[in-house]
Amino acid sequence: MTQTAQQAGRPRATRAPRRLPYLVRQLITLLVTLFAITIVIFGLTAIAGDPARDILGQYATDEQVAAFQQLHHLDQPVVVRYLEWLGGVFRGDLGTSYQSNGPVWDVISPRLGPSIVLVLLSWVLTVVVSVPIGLWSGVRLRGRRDASLTFVTLIVAAFPEFVLGLMLAILLGVWLAWLPVDSTAVSYGGLFDSPSAYVLPAITIALGTIPYIIRLMRANAREVASETYVRAAVLRGVTEPSLSLRHILPNAAPPVVTALGLQFAGLIGGVVVAETLFGFPGMGQLLAQSAASRDAPVVEALALMIGALFVVANLAADAIVVYVTPKLRDAVR
Amino acid sequence: MSADVLKNVTAADVPLPRQRSLRSFLAIPQGGFGVGLLLLLLALVVVGPFIAPDSPNEISDQPILGPSAQHWLGTDSYGRDILSRVLHGGASVILLPLLAVSAAMVVATLVGLVAGYLGGKVDAVVTWVINIALAIPSYLAVLVVVAAFGGGGAVVVTAVAVVYAPYITRVIRSATQAIAPREFVLAARARGESLGWILFREITPNIGPTLLVEIALRFTYAIMFIASLSFLGLGVQPPSANWGVMVAQNRALLLVSPVGVLVPALLIGVLAIAVNLIADALTQFFGDRIHERLMV
Numbered sequence: 013m014t015q016t017a018q019q020a021g022r023p024r025a026t027r028a029p030r031r032l033p034y035l036v037r038q039l040i041t042l043l044v045t046l047f048a049i050t051i052v053i054f055g056l057t058a059i060a061g062d063p064a065r066d067i068l069g070q071y072a073t074d075e076q077v078a079a080f081q082q083l084h085h086l087d088q089p090v091v092v093r094y095l096e097w098l099g100g101v102f103r104g105d106l107g108t109s110y111q112s113n114g115p116v117w118d119v120i121s122p123r124l125g126p127s128i129v130l131v132l133l134s135w136v137l138t139v140v141v142s143v144p145i146g147l148w149s150g151v152r153l154r155g156r157r158d159a160s161l162t163f164v165t166l167i168v169a170a171f172p173e174f175v176l177g178l179m180l181a182i183l184l185g186v187w188l189a190w191l192p193v194d195s196t197a198v199s200y201g202g203l204f205d206s207p208s209a210y211v212l213p214a215i216t217i218a219l220g221t222i223p224y225i226i227r228l229m230r231a232n233a234r235e236v237a238s239e240t241y242v243r244a245a246v247l248r249g250v251t252e253p254s255l256s257l258r259h260i261l262p263n264a265a266p267p268v269v270t271a272l273g274l275q276f277a278g279l280i281g282g283v284v285v286a287e288t289l290f291g292f293p294g295m296g297q298l299l300a301q302s303a304a305s306r307d308a309p310v311v312e313a314l315a316l317m318i319g320a321l322f323v324v325a326n327l328a329a330d331a332i333v334v335y336v337t338p339k340l341r342d343a344v345r
Numbered sequence: 085m086s087a088d089v090l091k092n093v094t095a096a097d098v099p100l101p102r103q104r105s106l107r108s109f110l111a112i113p114q115g116g117f118g119v120g121l122l123l124l125l126l127a128l129v130v131v132g133p134f135i136a137p138d139s140p141n142e143i144s145d146q147p148i149l150g151p152s153a154q155h156w157l158g159t160d161s162y163g164r165d166i167l168s169r170v171l172h173g174g175a176s177v178i179l180l181p182l183l184a185v186s187a188a189m190v191v192a193t194l195v196g197l198v199a200g201y202l203g204g205k206v207d208a209v210v211t212w213v214i215n216i217a218l219a220i221p222s223y224l225a226v227l228v229v230v231a232a233f234g235g236g237g238a239v240v241v242t243a244v245a246v247v248y249a250p251y252i253t254r255v256i257r258s259a260t261q262a263i264a265p266r267e268f269v270l271a272a273r274a275r276g277e278s279l280g281w282i283l284f285r286e287i288t289p290n291i292g293p294t295l296l297v298e299i300a301l302r303f304t305y306a307i308m309f310i311a312s313l314s315f316l317g318l319g320v321q322p323p324s325a326n327w328g329v330m331v332a333q334n335r336a337l338l339l340v341s342p343v344g345v346l347v348p349a350l351l352i353g354v355l356a357i358a359v360n361l362i363a364d365a366l367t368q369f370f371g372d373r374i375h376e377r378l379m380v
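Residue numbers (my numbering), protein chains in the order written: chain A, 13 to 345; chain B, 85 to 380.
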């Protein structure tokens, strides 16, 4: 399809007023989902009952338990606590940690930067590795070599992240000794003072998502490559880099963009595991540690932040898909 | 997002039941290889405890040894023989995911069948709940549960079952919707068969392939998920000999004896690969379009 042919079929004037309701509807979905997430997060903790004894240990006196309950408002009804918590979230007050007895925000804030850098790094790595490989294998690879690539992705996909990370650590950290097997260095000095500490965790997280994106990209590229407009482009004399990049990629990309948004959920697991494995001082490690030490306020705050990010990432992916796909741009109302 | 998947399934997506032999399943490269690997691992897990040289929790005064003739995989920081722990540590790696997937399958099959067949308000409510549940990342949900209830095998199995049930329900519901308008279902309804008969005697046999693929796929994910949770210290608790727990504990010895960490880690990987290969082969074997579309 040429540019002019695309534009001729669409009345331009009607597009702008149509897109607003779609976004509004998506925003409402987002808010409802976020609300549901807060209820699930808080509800689960409420069902579990009073954690005071478990946190303070069996030798705590009744006075200590009472003081703990008062400090964390555990003596109040669940609904009141939920509303207080939700109100606090809006004011930027995430509650008090059971373990440090200080504000949850103080526990989380030093870990935000490193985790954000790590996630962005692994996400970029995923895109840079899997999109070209998927595109190339979908358009060019056939027969036995194609089957072997699929087989390899299947095998990598079945390795849990901590196994992949461990193998990387043994290969690159112990045997070749190129990279540190421990990323604790990140917590000292500036955010970018110890770049090598990011490498192994980032590769580990990316390896968890790369196989899926490769398979998805490959399947879509193959489907698009057999379309009549691609064959028409070949007949017009369009040659390779341009054929794949300008004719196949834009049409095969939308499901992959959606998946990259959805894969954010896969990334969360990867981040928790990789940060714990390499001792990386980020939010994932904190999440696992706080879950193990039953520090519910910290886990709730982290779950809410990450859950919100996940929902927003999905919405952004949806919006990008709608924006880049002419067919969908017209269809949404 | 996820709702699109629900809409796009038609009757053509559900394969007709075909009589095919076990041999032709094993002839699919993934199938033969996967079944072979799985049988090997099962043999190791079942026979392991009987051939282990030492008891898995026997503490000795020889901690952190590299591999030797006496301790083939060395000893850990408590001086326990790593080989013996590996031979004892497989059962929970397989059984916990099996439990979680079985529980999730039972609930999801019931809900999915009812919602897919009855449609209407019941289906609308189920779809709504599924869409909300799918919007919450699995790791977050399970970690919140662990923070609230404490870790351990039982909590993790329950949490994973609850988290996976909506995903399975979605698939069963789609498959049911594709079967429900078929003539034999209408005929059963005209005969005045009960709801239970229609769901379990008419529809269930016809979504069998989809069910099988879903079980295998979910089992793969559950093995990886629960092993990771045990590695994080949230699932099976020390001093249990469990491959995930062993990786977490022996990680500190990474620089001294990598083998003691590598072997349990690789065994988990091989187990997940075996089941994943079987899931892939099942998808091909039955030509299960619902799963081809979901996982590509």
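To be clear, the hints were calculated from the coordinates, so they are not data collected in a lab. C-beta atoms are modelled at their ideal positions from N, C-alpha and C, and glycine is treated no differently. There's no promise every hint is true.
Label-pair ranges, simulated between beta-carbon atoms [claimed, not checked]:
| # | chain 1 | residue 1 | chain 2 | residue 2 | range |
| --- | --- | --- | --- | --- | --- |
| 1 | B | 279 | A | 158 | 23 to 33 Å |
| 2 | B | 321 | A | 115 | 24 to 34 Å |
| 3 | A | 194 | B | 238 | 30 to 40 Å |
| 4 | A | 71 | B | 285 | 54 to 64 Å |
| 5 | A | 79 | B | 156 | 32 to 42 Å |
| 6 | A | 124 | B | 139 | 24 to 34 Å |
| 7 | B | 186 | A | 194 | 35 to 45 Å |
| 8 | A | 124 | B | 321 | 24 to 34 Å |
| 9 | B | 285 | A | 55 | 32 to 42 Å |
| 10 | A | 66 | B | 194 | 26 to 36 Å |
| 11 | B | 268 | A | 239 | 34 to 44 Å |
Not everything, but these chain A residues come out facing chain B in the computed CB check (under 7 Å) [stated by the list, open to error]:
| # | residue |
| --- | --- |
| 12 | 189 |
| 13 | 192 |
| 14 | 193 |
| 15 | 197 |
| 16 | 280 |
| 17 | 311 |
Chain B is nowhere near these chain A residues, computed Cβ spacing over 10 Å in every case [stated by the list, open to error]:
| # | residue |
| --- | --- |
| 18 | 49 |
| 19 | 53 |
| 20 | 60 |
| 21 | 63 |
| 22 | 70 |
| 23 | 117 |
| 24 | 300 |
The hints, checked one at a time:
The beta-carbon spacing between residue 279 (chain B) and residue 158 (chain A), approximately 47 Å, falls outside the hinted interval of 23 to 33 Å. Range check, residue 321 (chain B) to residue 115 (chain A): about 30 Å between beta-carbon atoms, so the 24 to 34 Å window is met. In this structure, residue 194 (chain A) and residue 238 (chain B) meet the distance hint of 30 to 40 Å, their C-beta atoms being roughly 33 Å apart. For the hinted restraint 54 to 64 Å between residue 71 (chain A) and residue 285 (chain B), the CB-CB distance of approximately 59 Å keeps it satisfied.
The hinted range of 32 to 42 Å is not satisfied by residue 79 (chain A) and residue 156 (chain B), whose Cβ atoms lie roughly 54 Å apart. Restraint check, residue 124 (chain A) to residue 139 (chain B): a C-beta distance of roughly 46 Å breaks the suggested window 24 to 34 Å. Between residue 186 (chain B) and residue 194 (chain A), the C-beta spacing of about 39 Å keeps the proposed range 35 to 45 Å intact. Residue 124 (chain A) and residue 321 (chain B) have their C-beta atoms about 30 Å apart, which keeps the hinted 24 to 34 Å range intact.
About 38 Å separates the C-beta atoms of residue 285 (chain B) and residue 55 (chain A), a value consistent with the hinted range of 32 to 42 Å. Separation of residue 66 (chain A) from residue 194 (chain B) is about 34 Å and conforms to the stated range, judged on CB atoms against 26 to 36 Å. Between residue 268 (chain B) and residue 239 (chain A) the CB atoms are about 38 Å apart, so this pair conforms to the stated range of 34 to 44 Å. The interface hint given for residue 189 (chain A) is violated, since its Cβ lies 10 Å from the closest Cβ of chain B, which is over the 7 Å cut-off.
A cut of 7 Å between beta carbons decides the hint on residue 192 (chain A): the least distance to chain B is about 11 Å, and the hint is violated. Taking 7 Å as the C-beta cut-off, the interface hint given for residue 193 (chain A) holds, the closest approach to chain B being about 6 Å. A cut of 7 Å between beta carbons decides the hint on residue 197 (chain A): the least distance to chain B is about 16 Å, and the hint is violated. The interface hint given for residue 280 (chain A) is met, as the beta carbon of that residue sits about 5 Å from the closest beta carbon of chain B, less than 7 Å.
Given hint, residue 311 (chain A) at the interface with chain B, holds; its Cβ is 4 Å from that chain's nearest Cβ, closer than 7 Å. With a closest Cβ-Cβ approach of about 6 Å to chain B, residue 49 (chain A) is found to fall inside the 10 Å limit, against its non-interface label. Remark: the non-interface label on residue 53 (chain A) conflicts with the geometry, its nearest Cβ contact in chain B lying 5 Å away (cut-off 10 Å). Against chain B, the non-interface label of residue 60 (chain A) is violated: not every CB pair exceeds 10 Å, the least being about 4 Å.
With a closest Cβ-Cβ approach of about 8 Å to chain B, residue 63 (chain A) is found to fall inside the 10 Å limit, against its non-interface label. Residue placement check: residue 70 (chain A) keeps its beta carbon more than 10 Å from all beta carbons of chain B (closest about 14 Å). Residue-level check passed: residue 117 (chain A) sits 18 Å from the nearest beta carbon of chain B, beyond 10 Å. Listed as outside the interface, residue 300 (chain A) is inconsistent with that label: its C-beta sits roughly 5 Å from the nearest C-beta of chain B, within the 10 Å cut-off.
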